[in-house]
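Let the hints inform the model, and build the full structure from the sequences given.
From first to last, the protein sequence lines stand for chains R and P.
Residue numbering for the first sequence follows the numbering used here, starting at 2 and increasing by one per position.
Residue numbering for the second sequence follows the numbering used here, starting at 421 and increasing by one per position.
Bear in mind the hints are in silico, worked out from the structure with no lab data behind them.
Small disclaimer: the values here were computed from a predicted structure and weren't measured.
Even glycine gets a Cβ: it sits at the ideal position worked out from N, Cα and C.
EDC-like cross-link-like pairs, simulated, lysine to aspartate or glutamate; straight-line CA separation at most 16 Å:
hint, chain 1, residue 1, chain 2, residue 2
1, P, Lys850, R, Asp82
2, R, Lys73, R, Glu53
3, P, Lys602, P, Asp582
4, P, Lys868, R, Glu72
5, P, Lys428, P, Glu856
6, P, Lys860, R, Glu52
7, P, Lys785, R, Glu53
8, P, Lys785, R, Glu52
9, P, Lys860, R, Glu72
10, R, Lys166, R, Asp190
11, R, Lys136, R, Glu125
12, R, Lys11, R, Glu53
Some but not every residue of chain R turned toward chain P, in silico, with C-beta under 8 Å:
hint, residue
13, Leu51
14, Asn77
15, Ile78
16, Phe80
17, Asp82
18, Ala84
19, Pro87
20, Asn88
21, Gly98
22, Asn101
23, Asn102
Between beta-carbon pairs, the in silico distance windows are:
hint, chain 1, residue 1, chain 2, residue 2, range
24, P, Arg590, R, Leu51, 47 to 57 Å
25, R, Phe246, P, Arg590, 43 to 53 Å
26, P, Lys579, R, Leu51, 32 to 42 Å
27, P, Leu947, R, Glu24, 53 to 63 Å
28, P, Phe742, R, Ser132, 53 to 63 Å
29, R, His189, P, Val490, 50 to 60 Å
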Amino acid sequence: MLKLENITKKFQETTVLENINLEIASGEIVSILGQSGSGKTTLLNLILGLEEPSGGEIFFNGSNITHTLMEKRPFNIVFQDYALFPNLTAYQNLTYGLRNNKECSTKAEVDELIELLNLEKHLEKPIHQLSGGQKQRVALGRTLVMKPQLLLLDEPLSALDGVIKESIKEKIQEIARKLHLTIVIVTHDPEEALTMSDKIVVLDEGKIAQCSSPIEIMSQASCHFVEEFIVNQLAIKQHNIQQIFQQSMKRAAS
Amino acid sequence: MRITVSLKKLISWIVLAFFFLFLAYPIIQIILTAFSQTDRASLDIFNHDWRISFSNSLKYSLAATSCSTVLGFLLAYGNNFTRINRRFLKLNESILHFPMLLPTITYGFVLIYAFGRQGLWSKVFQQELFHIYGSIGILLGFIIYTLPPIFILINNSMKYLDTQLFIVSRLMGDSWYRSLYKTILTPLTRVLAVAFLQGFFMSFTDFGIPSAVGGQTPFITTLLYEGFMGTIPNFQFGSLVALTMLLPSIISILILNHLQKKVVRYERPRQAVIKKNAVRDWCFRLLFVSISLFILGVFAVLIIIPMVTNWPYDLKPTLNNFAQFIQDDSLVLTLKNSLLMALLTAGLGTIIAYLAAILTSRERKIYKVNQIIDSIATITNSIPGMVLGVAYLLLFSGSQLHNTLLVLVIVTIVHYFSTPYQMAKEALQKMNLNWENTAKLMGDSWLKTVWRILIPNSRVTIIDIFAYYFFNSMVTISAVIFLTSANTMVITAKLKELQHFGRFNDIFMLSLFLLIINLIMQGLTQLLKKMSVSYLPVRQAKRKLNTKVTTIVQRKKA
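Set out below in structure tokens:
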């Protein structure tokens with residue numbers, strides 16, 4: 002469905018992305034995972050159409066969209082800071098796109114989406130009265146109203162904490178399944194990528210270090226970087242949490 | 421996308437063309453006139469008169485600004501570091517801001533009627549307290565003029581000082597004076613310098629006060645006025661004077677810009693508990709009351725003089741002066757012209773400043789154009805209004821713009837462009853940079869996004885900009901004095917004309933009406949701002965409202 006062929010991006014003399022080849026199938030949730038400066042946001046911008054590649058081509062459903070304008074691509078994005086409009090209510094934000102394209106979604110579809118995102122009680126609230134999770138859901142809803150064929154999520158969980166994070170994770174997966182939506186997530190958090198996606202693209206210094214399923218990554222890390230950045234990091238986390246559980250169980254027993 | 425980029429480019433070209441035509445070209449015209457011929461006679465006069473006037477302007481501006489800076493610092497200190505009742509401080513602050521709603525030429529007239537031989541206070545005390553014409557009058561006028569903005573600048577910075585450092589310094593064994601120096605004065609050094617230079621620039625380029633109360637003392641601005649509007653006009657001489665006026669202005673503004681970039685900004689105030697000290701608080705109370713009473717005492721004549729039959733000979737209360745004023749068509753026309761000019765300037769000026777700020781703060785693709793617009797803002801800030809007025813006089817005499825209200829509107833927009841532009845830019849830069857892309861993905865055109873998102877989210881700033889242009893258009897005299905005609909006469913220029921005929925009752929009546937209009941506008945803008953911030957988070961809304969007069973009047977120039 003989405004195909005990136007030999008994509009390269011240079012800013013003056015600096016090569017940010019080099020020879021990126023990637024295929025994303027319809028209905029797949031794919032995470033682009035990498036450290037700061039690895040080129041993941043640039044890759045997201047290239048897919049969205051905010052930037053043009055220095056080399057290579059991008060295809061979507063067989064058509065070459067490398068030079069297609071951002072607003073002409075059937076994609077949409079939820080930015081890291083949500084970019085909600087503070088002068089509008091949650092409902093006005095949600096239905097913003099319908100002012101320009103009334104045929105995008107019917108009233109019934111919008112209502113269904115509101116129900117799916119549990120936003121019924123918050124529709125009339127101004128943006129500043131919403132919690133982080135509610136804001137995230139409004140931003141998500143606003144893009145879904147436009148029925149994109151590919152949804153890009155830029156660090157969707159970075160501003161959320163604990164329980165809300167888990168509920169949003171589930172909500173994104175639920176929506177993807179229900180609407181058969183292709184989702185590309187950009188994240189720096191291995192745990193987030195592993196628990197949300199069907200496929201993970203690990204970026205290291207502008208190159209793809211590994212592109213496979215979460216289980217494959219955990220069982221067959223392709224290089225030292227993937228081993229260090231993902232597997233070892235999670236192993237330490239697992240060890241620490243296990244220790245806390247063991248200690249608390251011992252104390253409870255005694 | 422192609423269309424939107426073109427639209428942005430088109431707007432940027434319109435903004436650039438506007439400033440080329442109404443800023444660069446007139447200044448070139450002045451330079452050409454100044455060096456058009458080598459007229460020895462002109463140059464001789466220039467040498468002698470210019471030297472005296474220039475040194476007077478320099479001396480008086482420096483002296484008055486020094487006094488204002490010291491007073492401004494003390495008032496700000498009293499406002500922030502004492503336990504004086506907040507309401508008392510607020511009241512005094514409002515009184516201190518009050519002169520900013522009047523033109524500087526009025527300051528001179530009220531000083532004469534307050535302390536002159538036949539003045540209100542000379543009558544009350546049965547003697548002339550001091551000789552108001554010349555040195556003392558000028559100094560007092562300049563101090564009244566520069567104290568409010570200097571106080572606002574210092575007070576705003578002092579509010580955000582981390583005063584806990586003072587406590588830490590004292591706990592470390594520093595003496596009170598050393599703690600004051602290290603934790604209060606040192607972080608404020610740059611702000612004090614900025615305030616001083618701002619005051620100096622304002623006084624040096626002011627025409628109203630020297631022309632009203634200067635007496636026989638020549639100043640650079642009165643010399644410039646004589647060069648163009650005197651009994652024997654000499655344009656080359658006037659142009660040379662105008663050019664020399666640019667020098668200290670440009671130097672002070674360049675230093676000002678440099679210093680402003682380095683001013684330490686604290687995120688939020690961390691106020692330490694202020695110790696009880698009755699002596700300190702009473703001293704500051706006395707200072708506040710003295711200054712407030714002085715200001716009220718001086719400006720009281722604005723109301724008293726028109727309310728008596730014939731000051732100082734017939735003190736019977738009367739409303740005849742009001743009736744006569746309303747029946748005088750020329751005065752009513754002046755009032756209407758001023759109001760129309762202020763509204764047009766505020767409307768058009770806000771559009772130009774806001775559009776220019778959108779280009780420079782939200783559009784990175786036209787980097788060179790953005791740099792030029794930034795430079796224009798700096799240049800307009802450093803060119804005195806009188807120089808601009810003279811340049812327009814030279815350039816547009818005989819053209820269709822000559823003797824129109826439009827030329828007054830344009831010169832005022834250009835003269836005051838810098839502050840509204842910076843206000844809009846600052847507000848727009850703080851907004852989420854992803855809004856445009858998000859709206860574009862939702863099918864918005866660039867114009868739609870500006871209308872639906874950017875403008876509604878910067879309503880408070882837009883109101884501030886409108887008010888800034890409005891107040892300054894109402895009180896400005898510097899540029900318009902050269903450009904008004906019988907049909908386009910505005911209040912400030914009319915005041916100068918009425919002075920010539922000694923019609924002081926009408927001077928005060930006009931000033932009073934001007935004050936009332938400004939007060940109504942101030943009330944309206946506050947109301948609109950309160951309505952506009954209703955959707956903002958409480959803390960953000962409070963912060964926005966607190967900026968109110970600060971930004972509006974901070975940079976009121978000559």
